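Student: Sequence:
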Amino acid sequence: MRVINGTKQEIGSQLDALRQAIPLQLELYSEIAKLHKAYYNELVKAGFSKEEALHIVTVQGVGGNGQPSN
Numbered sequence: 001m002r003v004i005n006g007t008k009q010e011i012g013s014q015l016d017a018l019r020q021a022i023p024l025q026l027e028l029y030s031e032i033a034k035l036h037k038a039y040y041n042e043l044v045k046a047g048f049s050k051e052e053a054l055h056i057v058t059v060q061g062v063g064g065n066g067q068p069s070n
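Heads up, the sequence shown is in the UniProt record's numbering, so the first residue is 1 and it goes up one at a time.
Calculated from the structure, these hints are not laboratory results.
Treat the numbers as computed from the prediction; the structure is a model and nothing was measured.
Mixed in with the good hints there might be a few duds.
[Stated by the list, open to error] Pair by pair, the computed Cβ-Cβ distance ranges are:
no.	residue 1	residue 2	range
1	E10	K50	27 to 37 angstroms
2	G47	G12	19 to 29 angstroms
3	E42	A21	48 to 58 angstroms
[Said to hold, decoys possible] In silico SDA-like cross-links for lysine to any residue, where the CA-CA straight-line distance does not exceed 25 angstroms:
no.	residue 1	residue 2
4	K37	L54
5	K34	L54
6	K37	S13
7	K50	V62
8	K34	Q60
9	K34	D16
10	K45	L24
11	K37	L15
12	K34	L15
13	K45	L26
Glycine included, every Cβ here is placed at the ideal spot set by N, Cα and C.
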């Protein structure tokens, strides 16, 4: 890697920050998956077929606030 004005050090710092963020990111994925599953289950409970519920969750998803997103 060619070093230009401390760029290598800056990249190293950014990589360290990313490595530290990975556990939080994985935890967020777990919570988002739980929201999607709960939304799917509620759609089925409300009378949608499993296929319809899966399509809705796949297309619409759940936003970061836990509400269906568009």
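Student: Is the hinted pair K37 and L54 satisfied, with a Cα-Cα distance of at most 25 angstroms?
Tutor: 10 angstroms, holds
Student: So if I understand the rule, the pair passes when the alpha-carbon distance is 25 angstroms or less; does K34 with Q60 pass?
Tutor: OK: K34 and Q60 at ~15 angstroms, within 25 angstroms.
Student: Are K34 and L15 close enough, with their CA atoms no more than 25 angstroms apart?
Tutor: Roughly 29 angstroms between the alpha carbons, so the hint for K34 and L15 is violated.
Student: If you draw a straight line from the CA of K34 to the CA of L54, is it 25 angstroms or shorter?
Tutor: 14 angstroms, holds
Student: Kindly confirm whether 48 to 58 angstroms is satisfied by the beta carbon distance between E42 and A21.
Tutor: 31 angstroms, violated
Student: Does the alpha-carbon distance linking K37 and L15 stay inside the 25 angstroms limit?
Tutor: Judged against 25 angstroms, a Cα distance of about 32 angstroms means the pair is violated.
Student: Given the proposed pairing of K45 with L26, does the C-alpha separation stay at or below 25 angstroms?
Tutor: 29 angstroms, violated
Student: Is 27 to 37 angstroms a correct range for the gap between the Cβ atoms of E10 and K50?
Tutor: 49 angstroms, violated
Student: Tell me if the straight-line CA distance from K50 to V62 falls inside 25 angstroms.
Tutor: 17 angstroms, holds
Student: Taking 19 to 29 angstroms as the hint, is the beta-carbon distance of G47 and G12 inside that range?
Tutor: 54 angstroms, violated
Student: If you draw a straight line from the CA of K34 to the CA of D16, is it 25 angstroms or shorter?
Tutor: Roughly 29 angstroms separates the two Cα atoms, so the pair is violated.
Student: For the pair supplied as a hint, K45 and L24, confirm whether the alpha-carbon distance does not exceed 25 angstroms.
Tutor: Cα-Cα ~32 angstroms, so violated.
When the structure is compared with the earlier hints, violations turn up for hints 1, 2, 3, 6, 9, 10, 11, 12 and 13 and for no others.
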